[in-house]
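Trainee: As a plain string of letters, each chain reads:
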Amino acid sequence: MTATTTERETAGRPLKTVSPKDKRDSFSLSRVPVYLACAFIALLWLIPALGLLISSFRQEGTIRASGWWTVFGNLFDAGAWTLQNYTSVMSGGFGNAFANSLAVTIPAVAIPITVAAFAAYAFAWMDFPARNFMFAVVVGLMVVPLQMALIPILRLYTDLDISGTFPGVWLAHAGFGLPLAVYLLRNYMGSLPSSLIESAEIDGADHFKIFTRLILPLSTPVLAAFATLQFLWVWNDYLVALVFLGVANPANSVLTVELASLVGQRGEGALSLLPAAAFISMILPLVVFFALQKYFVRGLTAGSVKG
Amino acid sequence: MSTPTLNQDDEVEVGRPHGQPGSHDHSPQVWLLRLLSALIVPAVLVIFFFTFEFLQDPSTNKVLQILVAILVGVGGVWLLYWAMDRLVNSLPERAGAGVRPFVFAGPAMILLGFYLIYPTIDTIITSLRDADGEAFVGLANYQLIFTESTYLISLRNSFIWAVVVPIVCVAAGLAVATLADLLPKRSEQFFKSLIFLPMAVSFVGASAVFFFIYSFRPEGFGEQIGLLNAIWVGLGNQAVDWLRVPLWNNLFLMVILIWTQTGFAMIILSAAIKGVPDDLLEAARIDGANEWQAFRRVTVPTIASTIVVVWTTILITTWKVYDIVAVMTGGRDGTSVVAERMVTEFFDFENNGVGAALAVVLLIVVTPILVVNIKRFQQQEALR
Chain A
0 MTATTTERET AGRPLKTVSP KDKRDSFSLS RVPVYLACAF IALLWLIPAL
50 GLLISSFRQE GTIRASGWWT VFGNLFDAGA WTLQNYTSVM SGGFGNAFAN
100 SLAVTIPAVA IPITVAAFAA YAFAWMDFPA RNFMFAVVVG LMVVPLQMAL
150 IPILRLYTDL DISGTFPGVW LAHAGFGLPL AVYLLRNYMG SLPSSLIESA
200 EIDGADHFKI FTRLILPLST PVLAAFATLQ FLWVWNDYLV ALVFLGVANP
250 ANSVLTVELA SLVGQRGEGA LSLLPAAAFI SMILPLVVFF ALQKYFVRGL
300 TAGSVKG
Chain B
0 MSTPTLNQDD EVEVGRPHGQ PGSHDHSPQV WLLRLLSALI VPAVLVIFFF
50 TFEFLQDPST NKVLQILVAI LVGVGGVWLL YWAMDRLVNS LPERAGAGVR
100 PFVFAGPAMI LLGFYLIYPT IDTIITSLRD ADGEAFVGLA NYQLIFTEST
150 YLISLRNSFI WAVVVPIVCV AAGLAVATLA DLLPKRSEQF FKSLIFLPMA
200 VSFVGASAVF FFIYSFRPEG FGEQIGLLNA IWVGLGNQAV DWLRVPLWNN
250 LFLMVILIWT QTGFAMIILS AAIKGVPDDL LEAARIDGAN EWQAFRRVTV
300 PTIASTIVVV WTTILITTWK VYDIVAVMTG GRDGTSVVAE RMVTEFFDFE
350 NNGVGAALAV VLLIVVTPIL VVNIKRFQQQ EALR
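So the protein sequences, as listed, match chains A and B. Going letter by letter, the first sequence gives residues 0 to 306 in numbering that gives the first Met the number 0. Going letter by letter, the second sequence gives residues 0 to 383 in numbering that gives the first Met the number 0.
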């Protein structure tokens, strides 16, 4: 909804001969306060993460003995740095948890995209009874807290003896991600020009062909946007993984669950593993974030009503 | 074009999407086929996933499990839709046109029904029953939540979170977006990426990050390794166990959420600020407005609708916050919130009734947003 407003606003913006951007690109002394303020904010935002990153490369004993900022006194002392934390974390269960996170995330992104794409096409380009009513339901479900689903679904999973399994989590994540997926994809597909579809129909293409050959390839940007959102959401999820996987079957527990138990221990032993463990859990989302930031932002902008 | 109503069944729409003869056929046979076609894809998916033992066996090779899941989850599902579409082709043309949309949209609706609609109804019913979910107790669980002090603390904290976090995030996001807009293009991109970065980090990861900020050691147990205490002690004070200071500890937890969500507010608001027409600002300046007045009187009113959307989105996130509290304090020392209390109640105390009632409280508060979203959708459709 925001997307459409902003786009419209941008479209209505008059063409300018000199954009303010051009004026800004040259350095000017009067903007020094702005630079200083920005540098200060950036530093404030970075310090917490920086502390963790530095700690993750420090010797086990020193993490516990002194604050991470003390490294600035002997920055070039090679003996102070080590990769030991990462290797011991990986061999101590986080390697397995990393694989579990992948095993949960990839299908939990792929399944809802497929199911939602078909539904979105129907909502955008087919006529059927109760169409608007069903889509209104989808819009409403976007903000329903997933906490509403925890108790009944877990009870059902336990009765069926499938709690703690990967497929159970895949389908749960697919269900929770579907409202946003259908909403985003339908809005995008519906905004494609109808002349495209009409001319394809005249050429004798049926709905399945129009969908797979025409609409789907044209929808790549929104598919990528949702994939990025859903990836970060599932990978970073703690509650769903804890309830449907971790509790019943610790062997299948994911990175966030393992990391949470490490933070929860508060023990001095956990302290030295914590920074490396945290960074292992962040590596993939950070890579995805930097590589697909454009799509991520697009998804957030268009879907900033999700619950 | 007619205005869409909630039950717009038999109205043939002018324009798109265009119906074919038979798409509004209401004969029982066609409805049966519609239901069947919606059910088949999810059913086959579920049967496949849960009959293959090796997908559930943790000792099976993970790579193999993932590959099979992707193969089935994408390829297999695709094949199912294709097969269903072929089947519909073999129906008489009129019936086919009536059934086909349900082949496409049906499976999604069935999944939504199973994972969101049915559980919502079930949770509401459970909230009216006792701890074991057996005897009907009316509103007793709600009465308990709104009178017992432990639950009142959770409610109070959730409301404080919901008031503080969205406002701080929107204000900080607006300030940072405005500042960034003054930077040269390259620096602007870099600066915005930095602030936005925590959005990619899980709440659990963010909690780990702040663990090293709030860390506390009693005197005699070694040097302070938490940044906040190091600064505090450096200023000549006694070290403080920040997460145990009543009321303030809630604020320290909120900082973690603010750290991750401000970037979101900034990115969206920044795009909106860039959409404010320059001639509007120029006109204000010519009329003698200074930069602050131009910002307050022109920029803010122009982007007001975006501000509301960002505020609402962060409000929903904040209201459901679980991870940060569960990981950092476990709700101890008066830091419990509703979403965290709900899980504790359900898992640790096995009190289904109260757990469900807390979940319903979560839902009730977002219901106005839900209604507004649906209304807005219907208005948009009316304009299409």
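The hints are simulated quantities; they were obtained by calculation from the structure and are not laboratory data. Here a beta-carbon is modelled for each residue, glycine too, at the ideal position from N, C-alpha and C. Please note that a few of the clues may not be correct.
[What the hints assert, rightly or not] Just some of the chain A residues that point at chain B, by a computed CB distance under 7 Å:
1) V70
2) G72
3) A109
4) L140
5) F288
6) A290
7) Y294
[Unchecked claim] Below, in silico cross-link-like pairs of lysine-lysine (DSSO-like), each with a Cα-Cα straight-line distance of 30 Å or less:
8) B:K273 to B:K374
9) A:K208 to B:K184
10) A:K293 to B:K184
11) B:K273 to B:K184
Trainee: Next, verify each hint and record whether it holds.
Mentor: Results for each hint:
1. V70: At 12 Å from the nearest chain B Cβ, A:V70 fails the 7 Å test, so the hint is violated.
2. G72: violated, 14 Å
3. A109: holds, 5 Å
4. L140: holds, 5 Å
5. F288: holds, 4 Å
6. A290: violated, 11 Å
7. Y294: Violated - the Cβ of A:Y294 stays beyond 7 Å from chain B, reaching only about 13 Å at its closest.
8. B:K273 to B:K374: holds, 28 Å
9. A:K208 to B:K184: violated, 44 Å
10. A:K293 to B:K184: holds, 16 Å
11. B:K273 to B:K184: holds, 13 Å
Against the hints set out earlier in the document, violations occur for numbers 1, 2, 6, 7 and 9.
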